[in-house]
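A.B. asks: Given chain A's structure and the hints, the job is docking chain B onto it.
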Amino acid sequence: GAVVSQHPSWVICKSGTSVKIECRSLDFQATTMFWYRQFPKQSLMLMATSNEGSKATYEQGVEKDKFLINHASLTLSTLTVTSAHPEDSSFYICSARDYFGTTGLVGRGEQFFGPGTRLTVL
Amino acid sequence: GDSVTQMEGPVTLSEEAFLTINCTYTATGYPSLFWYVQYPGEGLQLLLKATKADDKGSNKGFEATYRKETTSFHLEKGSVQVSDSAVYFCALRTGSGGGADGLTFGKGTHLIIQP
Chain A
1 GAVVSQHPSW VICKSGTSVK IECRSLDFQA TTMFWYRQFP KQSLMLMATS NEGSKATYEQ
61 GVEKDKFLIN HASLTLSTLT VTSAHPEDSS FYICSARDYF GTTGLVGRGE QFFGPGTRLT
121 VL
Chain B
123 GDSVTQMEGP VTLSEEAFLT INCTYTATGY PSLFWYVQYP GEGLQLLLKA TKADDKGSNK
183 GFEATYRKET TSFHLEKGSV QVSDSAVYFC ALRTGSGGGA DGLTFGKGTH LIIQP
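Protein chains in written order, with our numbering: chain A, 1 to 122; chain B, 123 to 237.
These are calculated hints, taken from the structure and not from any lab test.
Careful: at least some of the hints might be erroneous.
What the hints assert, rightly or not - Straight-line Cα separation of at most 20 Å, DMTMM-like style, residue types lysine to aspartate or glutamate; simulated pairs: (1) B/Lys190 - B/Asp177; (2) B/Lys174 - B/Glu130; (3) B/Lys174 - B/Glu198; (4) A/Lys41 - B/Glu164; (5) B/Lys229 - A/Glu59; (6) B/Lys199 - B/Glu185; (7) A/Lys55 - B/Asp223; (8) B/Lys190 - B/Asp176; (9) A/Lys41 - B/Asp177; (10) A/Lys64 - B/Asp223; (11) A/Lys41 - A/Glu52; (12) B/Lys171 - B/Asp223.
Stated by the list, open to error - Examples of chain B residues toward chain A, derived with CB under 10 Å: (13) Glu130; (14) Asn144; (15) Tyr158; (16) Leu166; (17) Lys171; (18) Gly183; (19) Phe184; (20) Ser207; (21) Arg215; (22) Leu225; (23) Phe227; (24) Lys229; (25) Gly230.
Just so you know, even glycine gets a beta-carbon here, dropped at the ideal spot from N, CA and C.
Bound conformation, chain A alone (with noise of 0.2 Å):
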């Protein structure tokens, strides 16, 4: 249980152009899910807080306008760059909060990671 999944697993694509990035809970319901962005030999830098059926919280210096959280569902959102630049390219994971203890007790109230995204802008 508690799997994570994202789609895709690396894109590239032409400066300008939006991408979108899915993540889904496989098992279990997500009331919230997390987005962060990773750098090269970084820490994971939480970028926003996606609760289900409401705005998105962004992290201060986050865009929000150029990074676009929808969570339609309970076991999807999605994350879309919007007019992608080279400065985008980055290691995106999201993560799923088992609210509910889906899971188990462990992993009640825990986030569970997705294996990211790896996007690159030419």
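C.D. replies: Just chain B now, with coordinates in the frame of chain A:
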């Protein structure tokens, strides 16, 4: 703001050696503390956690004790195996729930265990 500092790697050990990966933190309030592990090609997995001072988290032979007086959460294992080779992340969470509980991560420590 909140921050996590962990020893930088790579850390290279022989099989059956004793492991310690240091982690210290700075946070407001009373954070929960975590260790995550990332095996090659996979997502981060929760290894263990502790939610209050003096709690000890343990899993798969790994242990870490929440030390409030030294603001530390060092990861230890008595006898490592080749299969423990991975990147280990120390993290904290200060939110009490709802949407305000994103994690703050350290930079990660790459552990390499040699046969």
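A.B. asks: All the hints need checking, so say for each whether the structure fits it.
C.D. replies: Evaluated hints:
Taking the CA atoms of B/Lys190 and B/Asp177, the gap is about 10 Å. The hint holds against a cut of 20 Å. Distance restraint check for B/Lys174 and B/Glu130: the Cα-Cα separation of roughly 26 Å exceeds the 20 Å cut-off, and the hinted pair is therefore not satisfied. About 18 Å separates the Cα atoms of B/Lys174 and B/Glu198, which keeps this hinted pair within 20 Å; it holds. A hinted pair counts as satisfied when its Cα atoms are at most 20 Å apart, and A/Lys41 with B/Glu164 qualifies at roughly 16 Å.
For the proposed pair B/Lys229 and A/Glu59, the alpha carbon gap of about 19 Å is at most 20 Å, so the pair holds. Distance restraint check for B/Lys199 and B/Glu185: the Cα-Cα separation of roughly 6 Å lies within the 20 Å cut-off, and the hinted pair is therefore satisfied. Taking the CA atoms of A/Lys55 and B/Asp223, the gap is about 16 Å. The hint holds against a cut of 20 Å. A distance of roughly 7 Å separates the Cα atoms of B/Lys190 and B/Asp176; the hinted pair therefore holds under the 20 Å criterion.
For the suggested pair A/Lys41 and B/Asp177, the alpha carbons sit about 30 Å apart, so the restraint of at most 20 Å is broken. A C-alpha spacing of about 19 Å is found between A/Lys64 and B/Asp223, which places the hinted pair at or below 20 Å, so the restraint holds. Our distance criterion of 20 Å between C-alpha atoms is broken by A/Lys41 and A/Glu52, whose separation comes to about 31 Å. Distance hint between B/Lys171 and B/Asp223 is fulfilled; the C-alpha atoms sit about 15 Å from each other, no more than 20 Å.
Of the supplied interface hints, the one on B/Glu130 holds, with its beta-carbon coming within about 9 Å of a beta-carbon of chain A, less than 10 Å. A least Cβ separation of about 15 Å between B/Asn144 and chain A goes past the 10 Å threshold, and the interface hint is therefore violated. A least Cβ separation of about 7 Å between B/Tyr158 and chain A falls short of the 10 Å threshold, and the interface hint therefore holds. Hint status for B/Leu166 relative to chain A: holds, with the closest Cβ pair at about 4 Å, below 10 Å.
With its C-beta approaching chain A no nearer than about 7 Å, B/Lys171 sits inside the 10 Å limit, and its interface hint holds. A least Cβ separation of about 16 Å between B/Gly183 and chain A goes past the 10 Å threshold, and the interface hint is therefore violated. Against a cut-off of 10 Å between C-beta atoms, the interface hint on B/Phe184 is violated, since the closest Cβ of chain A lies about 14 Å away. A hinted interface residue such as B/Ser207 counts as satisfied when its beta carbon comes closer than 10 Å to some beta carbon of chain A; here the least separation is about 17 Å, so the hint is violated.
The closest approach between the C-beta of B/Arg215 and any C-beta of chain A is roughly 9 Å, which is under the 10 Å cut-off, so the hint is satisfied. Against a cut-off of 10 Å between C-beta atoms, the interface hint on B/Leu225 holds, since the closest Cβ of chain A lies about 7 Å away. About 4 Å separates the beta-carbon of B/Phe227 from the nearest beta-carbon of chain A, less than 10 Å, and the hint is met. Proximity of B/Lys229 to chain A holds as hinted, the smallest CB-CB distance being about 4 Å (cut-off 10 Å).
Checking B/Gly230 against chain A by beta carbon gives a least distance of about 6 Å; that is within 10 Å, so the hint holds.
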